[in-house]
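Those sequence lines, one after another, are chains S, Z, D, U and A. Just so we're aligned, residue 1 is where the first sequence starts under our numbering, counting upward by one. Just so we're aligned, residue 101 is where the second sequence starts under our numbering, counting upward by one. Just so we're aligned, residue 201 is where the third sequence starts under our numbering, counting upward by one. Just so we're aligned, residue 301 is where the fourth sequence starts under our numbering, counting upward by one. Just so we're aligned, residue 401 is where the fifth sequence starts under our numbering, counting upward by one.
Hints are computed from structural coordinates only; laboratory data are not their basis.
In silico EDC-like links for lysine to aspartate or glutamate, alpha-carbon gap of 20 angstroms or less:
no.	chain 1	residue 1	chain 2	residue 2
1	U	338	S	34
2	A	405	U	334
3	Z	105	Z	154
4	U	305	U	334
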Amino acid sequence: MKKAKVIGTVWATQKQETLKNSKLLLLQTLSFNDNAPKGTPFVAVDTVQAGIGDCVFYVTSKEATFPLKSRFAAVDASVVGIIDQTTVHGKTEHYL
Amino acid sequence: MKKAKVIGTVWATQKQETLKNSKLLLLQTLSFNDNAPKGTPFVAVDTVQAGIGDCVFYVTSKEATFPLKSRFAAVDASVVGIIDQTTVHGKTEHYL
Amino acid sequence: MKKAKVIGTVWATQKQETLKNSKLLLLQTLSFNDNAPKGTPFVAVDTVQAGIGDCVFYVTSKEATFPLKSRFAAVDASVVGIIDQTTVHGKTEHYL
Amino acid sequence: MKKAKVIGTVWATQKQETLKNSKLLLLQTLSFNDNAPKGTPFVAVDTVQAGIGDCVFYVTSKEATFPLKSRFAAVDASVVGIIDQTTVHGKTEHYL
Amino acid sequence: MKKAKVIGTVWATQKQETLKNSKLLLLQTLSFNDNAPKGTPFVAVDTVQAGIGDCVFYVTSKEATFPLKSRFAAVDASVVGIIDQTTVHGKTEHYL
Chain S
1 MKKAKVIGTV WATQKQETLK NSKLLLLQTL SFNDNAPKGT PFVAVDTVQA
51 GIGDCVFYVT SKEATFPLKS RFAAVDASVV GIIDQTTVHG KTEHYL
Chain Z
101 MKKAKVIGTV WATQKQETLK NSKLLLLQTL SFNDNAPKGT PFVAVDTVQA
151 GIGDCVFYVT SKEATFPLKS RFAAVDASVV GIIDQTTVHG KTEHYL
Chain D
201 MKKAKVIGTV WATQKQETLK NSKLLLLQTL SFNDNAPKGT PFVAVDTVQA
251 GIGDCVFYVT SKEATFPLKS RFAAVDASVV GIIDQTTVHG KTEHYL
Chain U
301 MKKAKVIGTV WATQKQETLK NSKLLLLQTL SFNDNAPKGT PFVAVDTVQA
351 GIGDCVFYVT SKEATFPLKS RFAAVDASVV GIIDQTTVHG KTEHYL
Chain A
401 MKKAKVIGTV WATQKQETLK NSKLLLLQTL SFNDNAPKGT PFVAVDTVQA
451 GIGDCVFYVT SKEATFPLKS RFAAVDASVV GIIDQTTVHG KTEHYL
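Working from the sequences, and respecting the hints, build out all of it.
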């Protein structure tokens with residue numbers, strides 16, 4: 001799982017049926033070393049009531065479908081936790 | 101899921117059986133930051149009646165098979181929504 | 201799915217049981233923009249009777265196993281169609 | 301599977317249900333050639349009681365869910381072994 | 401599937417249960433163009449009695465679990481064949 005900041009939202013009226021009622025968030029991956037942005041933003045489905053500005057961790061690929069009601073949703077990235085605190089090389093950082 | 105523009109189509113008479121009756125679109129991934137093209141175009145199956153020029157989001161890998169009638173189609177990318185609007189870092193963009 | 205040219209073949213006597221009777225092709229991925237080679241060649245299983253020199257599209261990962269008789273073949277890339285024609289940015293190209 | 305060093309831990313109160321009771325470790329991938337760090341740290345679930353400083357190997361993607369009690373946990377990386385010893389090009393290295 | 405040379409072995413006493421009795425090989429991917437090494441070495445499970453120095457091809461991701469007795473082994477790379485011969489752009493190479 002990687003760390004990301006929620007930076008936006010996406011709206012789509014015409015979408016695949018299993019995505020109805022899903023909240024689509026736009027995420028920017030951040031490095032655990034220095035919080036630098038990695039790669040470009042992408043769309044993920046929310047499963048933990050995350051909001052704009054939250055620091056979260058997400059799963060990609062097949063795993064992303066499991067937290068949804070339907071096991072077969074057309075999803076390849078899901079937010080699965082909101083980060084409270086990390087300890088990296090003995091240094092603790094608080095996020096809330 | 102990533103954002104892409106539909107830039108073309110692909111025809112194949114001789115193809116794996118589960119792909120019969122599927123519309124094959126050619127997609128170019130675009131960055132959510134500045135709409136710059138990312139990587140090279142690829143083939144995806146349409147599930148939402150997208151057309152040339154539409155801005156869409158797509159899933160890759162195993163998830164791509166679920167929106168199709170057969171859960172076992174030989175597909176690794178599917179268009180699953182047509183984007184209406186995005187809000188990134190508080191800035192809203194309309195696509196339709 | 202990506203586009204590739206069939207550039208060779210691979211023989212292996214000692215191989216995992218589910219691969220017996222499979223034709224192993226060597227593919228070179230080509231860009232849809234300018235047909236430039238992308239990455240290095242790799243081994244894929246044939247499911248559409250493709251031959252040396254054919255322009256094909258292939259699936260990777262789990263999807264690659266579905267066109268085979270056994271759903272559990274030890275395969276991560278399969279040729280699933282021979283390309284007849286593409287239209288990219290309004291320009292049509294014929295392959296046969 | 302790749303080699304990594306356990307460099308930290310992650311805490312999240314608000315997380316997807318299948319992750320409750322899982323220990324979340326922060327891993328840094330290391331090269332088997334020279335132990336140089338590869339890429340940036342990421343979060344993995346522990347299945348072998350690994351601790352800070354241990355040299356481990358991990359699986360990514362769908363496989364990562366299997367060692368957990370629930371086969372459908374929202375996980376895409378798991379620690380599956382603690383490395384005792386490697387032999388690379390005839391040179392043996394001990395880790396414990 | 402990609403081509404690799406078996407360059408070493410890995411030992412781990414403390415490992416995830418489904419990995420007991422599996423031989424863990426260290427592989428270096430080689431290019432089919434010029435046999436140049438690609439990327440860094442990684443751990444794969446042996447399913448064809450490959451040994452140090454053998455030229456093999458391997459599968460990655462979910463497919464890697466199928467050749468094993470348990471379909472749910474915590475594995476993401478498996479050796480599935482030992483290469484006898486390749487023909488690339490009409491040039492034949494023998495490996496045994």
